[in-house]
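*Asks:* Sequence:
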Amino acid sequence: MWKEFIRLSDDDQFVIAQMPTDVTVESDFGELGLDHAIESLGAASFFLDDSAVKSFISAARKTKKEAFQGVNIAFRKNASVSVVLEDNDMIARMVVTGAQGGRALRGSEIVEALSLAKVTKGINKLALKKVLAMSHKVPPGQEFSQAVAQGKMSVEGKDAEFTPLFPDINARVLRPQEINSVTHKVDMRNLGETITVAENEELMRRKPATKGKPGFTVCGKVIPPKPGNDKLLREGKGTYICKDDPNLLRAAVSGMPMMKKGSTVEVDNALCLSKVDVSTGHIKFKGCVVITGDIEPGMKVLATGSITVGGFIESADVQAHGDITAAKGIIGRPIAEGEENACVVRSGGSITSKYAQYATIQAHDDVTFAIHSLQNDVRCGGDLTVSDANGKQGTLSGGDTQVGGKITCVNLGVEGDSVTTVEACARYKKYKDGIERLKESYKKVQEDTMKVVRAELELSKTPKAERTQEMVDNVAMLKQKNSDLLSRTKKKLDAVELEFEQMLTANTITIKNKVYTRVTVKFGDDTVVTRREHGPSVLSYNHYEISFAPLMGS
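Here the sequence shown is numbered in this note's numbering, starting from 62 and rising by one per residue.
Keep in mind that the hints were calculated from the coordinates and are not lab data.
Every residue gets a Cβ at the ideal spot worked out from N, C-alpha and C, and that includes glycine.
Incorrect hints may appear among the rest.
Unchecked claim - Listed next, the in silico BS3-like pairs over lysine-lysine satisfying Cα-Cα at most 30 Å (straight line): (1) K552 with K505; (2) K551 with K490; (3) K575 with K553; (4) K467 with K504; (5) K190 with K179; (6) K322 with K272; (7) K191 with K322; (8) K282 with K298; (9) K292 with K268; (10) K287 with K298; (11) K321 with K292; (12) K219 with K182; (13) K115 with K126; (14) K551 with K540; (15) K542 with K500; (16) K219 with K115; (17) K64 with K125; (18) K542 with K467; (19) K336 with K298; (20) K274 with K287; (21) K304 with K268; (22) K522 with K542; (23) K493 with K542; (24) K282 with K186; (25) K190 with K282; (26) K500 with K551; (27) K512 with K525; (28) K453 with K491; (29) K505 with K493; (30) K525 with K552; (31) K298 with K219; (32) K287 with K268; (33) K553 with K504; (34) K345 with K287; (35) K505 with K522.
Claimed, not checked - Label-pair ranges, simulated between beta-carbon atoms: (36) S88 with R68: 55 to 63 Å; (37) Q454 with M613: 54 to 62 Å; (38) P358 with D586: 18 to 26 Å; (39) N261 with E217: 44 to 52 Å; (40) K282 with K125: 13 to 21 Å.
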């Protein structure tokens, strides 16, 4: 029946549904057969207006005049394009709807769509050509999406950089000198020249922070960059900033340079000796001490600065307020139970050496050995590392090791009956006790809050005529004081608890190769003893138990 009702308009742009005047339809007249009728007209690709179809069907059933006058139920529809902005206007995407009996897109329509969406930056001309070409191929009524413009993120500025212009004295211990450039053979006894600088020598160069580069959205909005954190070069002891170049630090005196945290270097006047033995006597010096050879048994070396030893420290007492570096090693001797070690090395900074054995090692900061730590009594507030630069050798075995931070080694323990005891995060009990004290303080302040409440109640019971301004002020002051103290105590408690958890997470024991038997591991109040060998592992503590986990990526 639809074939009798529909026809093409004179200009072939529309399909018109029109019921002849002498025809009526049944009440069940509907869309059945419409698609076939339109296809027979050659208008299958036209856009079918569902609302117009329903309107015609309703009018035909009720024999309304609209059905006899004719209704446009389908028409040719050109391809259309719209622009969608995504990712906070960083991407512009064109959505093409395929032509339905009409023509494909024109270049001017694409330009107009960009203009309406206010897209002006980051436009990809090749992508626009693809959109134009695809508008000929997209099936009628279906969509094709293509990103046609992309914004540019701002580039963050770089922080100020400080580049030392002299070798790192600690890294030198871990890098023996190469004696054959072909075979790369190294001399384990030759660690290079002792590092000293002359007066006016360049020490550090500052590279100022950069502002970064602004970015933009596809709509042309400028995205300001985050500038880098700038920091000025600072003069340290024995150094000065060059007058001609404010980004250059020079030595004011000759001596040994030491990198300091932050943005400066210190140069200490150094006492330089070839060795320390009975011919030199004990050494006590205010400043740094540089010894190119060995410190022989029974000798003492005390310094307020750092101590650098080019050879061995052998059964000697060496103490410094600063760092201690022993290039070749620290050697004691086996002792009977209850006897004190003959070799004692104590530092107010860090201790670095190739190895240490049968010695007492104490450092305020980090302790680093390249080859091994054998039967030592080690105490340090920072981290302990027993590993060479390549992570191939480094054994921590025997003795008693207590570390405030984390422990990293290649092997832990040794084959045989030697007992090894290690403890990481040694400040655990101190932190825990401190937190308990803070909790008690917080509880007491909370109890004091009730005193304030009672004082307010007493004041409210006092007749207004008998209240003095002094009484009101005293209660207000008491309330404010208690509130401030409560807030400060809570903030301090929260901060210490967070710091405690972060410290516990960071301060693990990492073994890169093997854990042997008879290793006693301590964390807090808990202890475990290894009964079998383990491969690469990470030991951690969660307040309740010590756990072994495989070292990922090993």
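*Asks:* Run every hint past the structure and note whether it holds.
*Replies:* Taking the hints in turn, this is what the structure says about them:
Using a Cα cut-off of 30 Å, the hinted pair K552 and K505 holds, with the two alpha carbons roughly 15 Å apart. At most 30 Å may separate the alpha-carbon atoms for a hinted pair to count; K551 and K490 meet this at roughly 21 Å. Between K575 and K553 the alpha-carbon distance is near 41 Å, which puts this suggested pair outside the 30 Å criterion. Under the criterion of a C-alpha separation no larger than 30 Å, the hint pairing K467 with K504 is inconsistent with the structure, at around 33 Å.
Note on K190 and K179: the hinted pairing holds, with a Cα-Cα distance of about 19 Å set against a maximum of 30 Å. Distance check on the hinted pair: K322 and K272 sit about 24 Å apart at the alpha-carbon level, within 30 Å; holds. For the hint pairing K191 with K322, the CA-to-CA distance comes to about 56 Å; that exceeds 30 Å, so the pair is violated. Restraint check: the Cα-Cα separation between K282 and K298 comes to about 49 Å, which exceeds 30 Å; the hinted pair is violated.
Annotation: proposed proximity of K292 to K268 holds, straight-line Cα distance about 10 Å (limit 30 Å). Proposed proximity of K287 and K298 is contradicted: the alpha carbons are some 34 Å apart, above 30 Å. Our distance criterion of 30 Å between C-alpha atoms is met by K321 and K292, whose separation comes to about 14 Å. Proposed proximity of K219 and K182 is supported: the alpha carbons are some 26 Å apart, at most 30 Å.
Between K115 and K126, the direct Cα distance comes to roughly 15 Å. Compliance with the 30 Å bound is thereby established for this hinted pair. About 16 Å separates the Cα atoms of K551 and K540, which keeps this hinted pair within 30 Å; it holds. Distance hint between K542 and K500 is fulfilled; the C-alpha atoms sit about 19 Å from each other, no more than 30 Å. Simply put, K219 and K115 have alpha-carbon atoms about 66 Å apart, too far for the 30 Å limit, and the pair is violated.
Proximity of K64 to K125 is assessed by CA-CA distance (about 20 Å); at most 30 Å being required, the pair is judged to hold. At most 30 Å may separate the alpha-carbon atoms for a hinted pair to count; K542 and K467 exceed this at roughly 41 Å. Between K336 and K298 the alpha-carbon distance is near 27 Å, which keeps this suggested pair within the 30 Å criterion. Restraint check: the Cα-Cα separation between K274 and K287 comes to about 9 Å, which is no more than 30 Å; the hinted pair holds.
A hinted pair counts as satisfied when its Cα atoms are at most 30 Å apart, and K304 with K268 qualifies at roughly 16 Å. At roughly 22 Å between alpha-carbon atoms, K522 and K542 fall within 30 Å of each other, so this suggested pair holds. This hinted pair checks out: K493 and K542 have alpha carbons roughly 28 Å apart, not beyond 30 Å. Between K282 and K186 the alpha-carbon distance is near 20 Å, which keeps this suggested pair within the 30 Å criterion.
About 25 Å separates the Cα atoms of K190 and K282, which keeps this hinted pair within 30 Å; it holds. About 9 Å separates the Cα atoms of K500 and K551, which keeps this hinted pair within 30 Å; it holds. Distance hint between K512 and K525 is fulfilled; the C-alpha atoms sit about 21 Å from each other, no more than 30 Å. With a C-alpha separation of about 35 Å, the suggested pair K453 and K491 falls outside the 30 Å cut-off, and the hint is violated.
Pair hint K505 plus K493 holds up; C-alpha atoms about 18 Å apart against a cutoff of 30 Å. Taking the CA atoms of K525 and K552, the gap is about 38 Å. The hint is violated against a cut of 30 Å. The suggested pairing of K298 with K219 holds, with an alpha-carbon distance near 28 Å, which does not exceed 30 Å. About 17 Å separates the Cα atoms of K287 and K268, which keeps this hinted pair within 30 Å; it holds.
Proposed proximity of K553 and K504 is supported: the alpha carbons are some 13 Å apart, at most 30 Å. As the CA atoms of K345 and K287 are separated by approximately 51 Å, the hinted pair breaks the 30 Å bound. A distance of roughly 26 Å separates the Cα atoms of K505 and K522; the hinted pair therefore holds under the 30 Å criterion. Separation of S88 from R68 is about 25 Å and departs from the stated range, judged on CB atoms against 55 to 63 Å.
At roughly 22 Å, the beta-carbon separation of Q454 and M613 lies outside the given 54 to 62 Å, and the hint is violated. The hint said 18 to 26 Å for the Cβ distance between P358 and D586, and at roughly 40 Å that hint is violated. For the hinted restraint 44 to 52 Å between N261 and E217, the CB-CB distance of approximately 37 Å leaves it violated. Taking the beta carbon of each, K282 and K125 are about 54 Å apart, not inside 13 to 21 Å as hinted.
In summary, the numbered hints that this structure violates are 3, 4, 7, 8, 10, 16, 18, 28, 30, 34, 36, 37, 38, 39 and 40.
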